[in-house]
Amino acid sequence: MTEKYRPVRDIQAAPAALQSTKQAGPLAVRSIVAFLSVLVLLVSGLGYFAVGSIGDVANAGNLTLGGGEGVKDGEATDGATDILLVGSDSRSDAQGNRLSDDEIAMLRAGDEENDNTDTIMVIRVPNDGSSATAVSIPRDAYISDDDYGNMKINGVYGAHKDARQAELVEQGFTNDAELESRSKESGREGLIDAVSDLTGITVDHYAEIGLLGFVLLTDAVGGVDVCLNNAVNEPLSGADFSAGRQTLGGSDALSFVRQRHGLPRGDLDRIVRQQAFMASLVNQVLSSGTLTNPAKLSALADAVMRSVIIDEGWDVMGFATQLQNLAGGNVIFTTIPVTSIDGVGDYGESVVTVDPVQVQAFFEDALGGQEPEPQDSPGGDGDQPAPETNNADTMVHVLNGSGTAGLASGVAAHLEGLGFTIEETGNAIEGLYFESQVLASDTTDPQAITIAEELGGLPIMQNDSLDSDTIIVIPHIDYAGPSVEVAANPSSVGQPGADGSGDPILSPEIDAGGDGPRCVN
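Under the working numbering, the residue at position 89 of the sequence shown is numbered 86, and the numbers go up by one with no gaps.
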């Protein structure tokens, strides 16, 4: 994530084969099940666990990730491992080889080469490995990039890659392979920064897959079951399917998950399709004997070798063993909250508007209470149990008394991540408060005590005019407690459309359990 006091930079305009298959033992199979559930079958299918070969998978180097300092003794220090999964429109494979004309035709992707990252997903896995939450970020989400200003998030990778390539050419680099490799490093780094700034998380690991990989993975498992609410015929994506349940092979599956024109909610419905497809894929593999079928495992391994790139510092086998008991029903797919699906960007383009404060609170909540336990403060009684609280029933107003822009929103986002209901954020009346404090109808109120402790030990003041379920928080100039840092000021960019009120628009959750595919638009 961008450092809080990072030097200010001028905003620029965005620039124009596996040899054999071995039978997997019990531990290896459990590792495959776990990791396929979390990462492999979400996007990539790392079947190489089964054949015991990791060296053939392409690596992405020189990335700034939290998987080093952010992970100690196999556990993420912030309570969860966050994996950034990226699906790209690249017409090359993971080894840098150009796809054949037949393969490009099969993908129905056209001849134009671009570096858009049209699928962006963060998988959050708590340290106990009990669950996995895969959170999609809409491709048209409008964000503020540190270097190139306001743009759709799917263009960040390409903007940073193209700019770096132009710099390298100016420096005298002429080798095409080296230019491509080095410029892609910058593209990945730019996207990692953008995702971190939007979500508030530290990206611990990175994985990338191209269009070909999606097709190969689907075909490797014999196709995937899907279900549509209505028949569709959309020529731009090639989606031509009847209503109801059906099994799709690789190229048809790609059309299924790429369609966004003609859908009621556009890109958000496309994301729901992707999630329903991947949930069905996870469920199918875990229940159909794929992991004990050498031929299918070999096909998965070949698909991974040709299409998947992971960060070079990732101990994937060690991570997989952390997830041995993960079940399909505990793999959840969801989408970040948005404020409008019909917004307008700086140049009149159609965008999806988002509020980073809402998004960051959403990710805090996705941690599911797995944050590391706080240490007792000096002189505190560690044996004294905390009072029981029901945070969701408490209406919290956060009023900024510091004059620091965004502080109330940041404190509110932190409290919302703890389960409190945020009723209002705004500015306190000037001259009314002179220090940070918590106001409640009763200074012994358990929720007030919890909030005061969570915010760094603030004093609690009695206000008889407040209802028993209402609490006011005043962060002042002396405030030194936690706050969710917002990426940009103002917190969101772009103009919401008529569908947006500023309140978060949420998408349904989909899990990988159940007896059949979820029917979607």
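There may be inaccurate statements among the hints.
What the hints assert, rightly or not - Derived DEER-like restraints, expressed as beta-carbon distance ranges:
no.	residue 1	residue 2	range
1	Q243	N94	16 to 24 Å
2	D512	G259	24 to 32 Å
3	D125	A240	52 to 60 Å
4	G241	V166	50 to 58 Å
5	D343	G310	36 to 44 Å
6	E309	D98	28 to 36 Å
7	E167	D222	46 to 54 Å
8	D98	A228	14 to 22 Å
9	A402	C224	26 to 34 Å
10	Q459	A402	25 to 33 Å
11	E167	P456	15 to 23 Å
12	G513	G400	51 to 59 Å
13	R95	Q492	57 to 65 Å
14	D222	S127	23 to 31 Å
Since the hints were derived computationally from the structure, they do not count as laboratory data.
Cβ atoms here follow ideal geometry from the backbone N, Cα and C, with glycine treated the same way.
Hints versus structure:
1. Q243 x N94: 16 to 24 Å: 33 Å, violated
2. D512 x G259: 24 to 32 Å: 29 Å, holds
3. D125 x A240: 52 to 60 Å: 41 Å, violated
4. G241 x V166: 50 to 58 Å: Hint holds: Cβ distance 53 Å, inside 50 to 58 Å.
5. D343 x G310: 36 to 44 Å: With Cβ atoms ~37 Å apart, the hint holds.
6. E309 x D98: 28 to 36 Å: Holds: the Cβ-Cβ distance is about 32 Å, inside 28 to 36 Å.
7. E167 x D222: 46 to 54 Å: 51 Å, holds
8. D98 x A228: 14 to 22 Å: Hint violated: Cβ distance 31 Å, outside 14 to 22 Å.
9. A402 x C224: 26 to 34 Å: With Cβ atoms ~47 Å apart, the hint is violated.
10. Q459 x A402: 25 to 33 Å: Holds, at about 30 Å.
11. E167 x P456: 15 to 23 Å: 58 Å, violated
12. G513 x G400: 51 to 59 Å: With Cβ atoms ~56 Å apart, the hint holds.
13. R95 x Q492: 57 to 65 Å: Because 40 Å falls outside the window, the suggested range is violated.
14. D222 x S127: 23 to 31 Å: The hinted range 23 to 31 Å holds for D222 and S127, with Cβ atoms some 27 Å apart.
Checked against the numbered hints listed earlier, the structure breaks hints 1, 3, 8, 9, 11, 13; every other hint is satisfied.
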